[in-house]
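Trainee: Each chain is listed here by its residues.
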Amino acid sequence: MSSVLYDVPGPKARRISLIASVAGAVVILGLLAWVIVTLANQGIFEAKRWAIFGRADVWTLIANGLGSTLSAAALAAVIAFPLGLLMCLLRISLVPWIRIPTRIVLEFLRGMPVVLMMLFILLVFATGSFLAVVAALVLYNAAIFSEIIRAGIQSLPKGQREAGLAIGLTSFKSRLLVELPQAVRRMMPSLVAQLVVLLKDTSLGYIVAYGELLRAVQVMADFLGPAYLFPIFFVAAAIYIAINIAVSRVAVWIERRGSQKAAGGIAPPNLKIEAATGGKGPGSTGQAV
Amino acid sequence: MDVIIENLPLYWEGFLRTLFLSAVSGVIALILGTLLAAARVSPVAALRGFSTVYVEILRNTPLTIAFFFAAIVLPRLGVSFAQFEVAAIIALSAYTAAFIAEAVRSGVNSVPVGQAEAARSIGMNFGQVLSLIILPQALRTVIPPLINILIALVKNSSVAGAFFVLELFGYGRQLANANGDAVTTVLLGVAFFYLLLTVPLGILASTVERKVAISR
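Residue numbers (the numbering used here), protein chains in the order written: chain A, 1 to 289; chain B, 1 to 216.
Check each hint, because a few of them may be wrong.
To be verified - Restricting the straight-line Cα-Cα distance to at most 25 Å, the calculated cross-link-like pairs of lysine to any residue (SDA-like) are:
1. A/Lys12 / B/Phe50
2. B/Lys211 / A/Val219
3. A/Lys12 / B/Ala119
4. A/Lys48 / A/Val219
To be verified - A few chain A residues that don't get close to chain B, going by computed Cβ distances all over 10 Å:
5. Val37
6. Ala56
7. Leu86
8. Phe130
9. Gln160
10. Gly168
11. Arg175
12. Leu177
13. Tyr206
Derived by calculation from the structure, the hints in this document are not laboratory data. Backbone N, C-alpha and C fix where the C-beta goes; we use that ideal spot for every residue, glycine too.
Please model the complete structure; the sequences and the hints are all you need to start from.
Mentor: Quick look at the structure:
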């Protein structure tokens with residue numbers, strides 16, 4: 001691995017770097033060992049604590065929790081995307097009294113904690129917790145999708161719109177038929193990255209008592225006893241992280257594939273920073289926080 | 001409206017605690033995130049590996065899981081905090097640092113290669129190249145994304161309200177339970193206080209982006 005930040009290491013630098021690497025690794029491993037020993041003193045690694053994973057009902061509960069998480073995320077994503085496209089079209093409308101109210105609504109939705117929206121929908125509209133979780137995720141993510149796609153439209157060459165208008169399309173048709181499809185394709189990596197955020201945010205359902213994965217952990221720990229909290233939590237966290245890393249990898253894969261197929265392709269890497277910042281307002285877009 | 005006016009001291013207290021949580025976690029996360037980014041581009045393989053793994057895991061961990069770990073699992077393991085604020089700050093800053101590290105790293109990548117080459121050619125070592133030449137320029141480019149991350153941090157601090165910390169969201173939930181007939185007003189009040197923080201920060205981000213920060 002070579003980097004512009006430092007010279008190709010010579011023998012002396014390599015030795016120093018090797019020593020530093022070993023020292024760093026020893027420190028990190030030492031910390032890990034300390035954590036493991038502390039955990040072992042708590043009796044975390046006793047076989048009986050992990051034996052619960054041999055029970056079918058534990059896995060049924062985990063599967064149910066995971067199912068709730070995934071179904072809320074899937075439903076929210078499927079509704080939020082078209083809604084985001086619609087909001088984006090309204091947001092860039094040439095008519096001020098469509099554009100400005102949409103902008104205010106978008107800024108409001110993006111400046112709001114998702115968990116507050118969930119609680120609001122749950123209490124004010126007295127929906128079940130599933131609907132509250134899905135509705136809040138839909139509103140928030142539609143706003144973010146809309147901003148990402150808008151950044152994509154702004155990044156298109158001007159000629160695209162001009163060509164659309166020149167062949168006699170109306171402004172709206174040019175947006176819909178010429179610019180929007182290209183923008184969505186260009187911003188695909190950011191959109192998929194936002195899906196990871198959406199998936200992560202379903203865990204906020206825990207707070208409004210939606211029976212997702214983390215709630216299932218809590219329920220099982222309450223039922224089986226606190227001794228089992230750590231093993232169950234550990235497995236649930238691992239499942240969450242594994243799924244999110246998998247989806248993130250899809251985003252990276254799409255980005256690579258897109259940049260190989262240059263034609264029309266995907267936004268250049270520095271554009272992503274712009275997408276993250278180009279929101280011009282509260283909240284982030286491409287930056288999946 | 002009466003509900004909000006009657007409970008204004010509570011709102012204010014919650015607002016201040018949200019501000020406190022965000023500010024403290026923000027500062028810790030900025031420092032930790034910059035260190036992680038520096039480790040990510042350093043010549044030492046162990047540091048690079050550690051930073052990569054940390055960022056990858058924390059970025060893909062739901063914040064609620066991080067909070068659950070800090071506030072519920074850790075105390076069971078014998079690490080107890082005098083106040084739940086400490087747990088909240090640990091969860092928030094550890095989570096946010098991963099995003100800051102990624103943003104700073106992308107800033108480092110956006111500095112033209114010639115800058116680093118010039119610095120090296122006049123005999124600077126890695127530490128000098130990074131701290132005197134690259135990071136000052138990189139931080140300028142990433143100010144807007146950093147502000148956006150801080151906005152997200154303010155919003156994320158609301159999760160602390162569900163883990164025994166009485167900040168804006170926590171008080172909001174209490175008030176909503178106590179005033180069943182005025183839930184809408186109570187929660188819109190909470191929303192107002194969040195917007196009081198996030199909207200100015202958002203305006204700041206776009207102003208900085210237009211005026212101060214150099215774009216490449």
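Trainee: Now, for every hint given, state plainly whether the structure supports it.
Mentor: Cross-check of the supplied hints:
1. A/Lys12 / B/Phe50: holds, 24 Å
2. B/Lys211 / A/Val219: With a Cα-Cα distance of about 52 Å, the restraint between B/Lys211 and A/Val219 is violated, given a limit of 25 Å.
3. A/Lys12 / B/Ala119: holds, 21 Å
4. A/Lys48 / A/Val219: Since the Cα atoms of A/Lys48 and A/Val219 sit roughly 19 Å apart, the hinted pair holds (cutoff 25 Å).
5. Val37: holds, 12 Å
6. Ala56: holds, 25 Å
7. Leu86: The claim stands: A/Leu86 keeps its Cβ more than 10 Å from every Cβ of chain B (closest is about 23 Å).
8. Phe130: holds, 17 Å
9. Gln160: Non-interface label on A/Gln160 holds, nearest chain B Cβ at 22 Å vs cutoff 10 Å.
10. Gly168: holds, 36 Å
11. Arg175: holds, 23 Å
12. Leu177: Nearest chain B Cβ is 30 Å from A/Leu177, so the label holds.
13. Tyr206: A/Tyr206 not clear of chain B: closest Cβ-Cβ about 5 Å, inside 10 Å.
Hint compliance for this structure: hints 2 and 13 are broken, all remaining hints hold.
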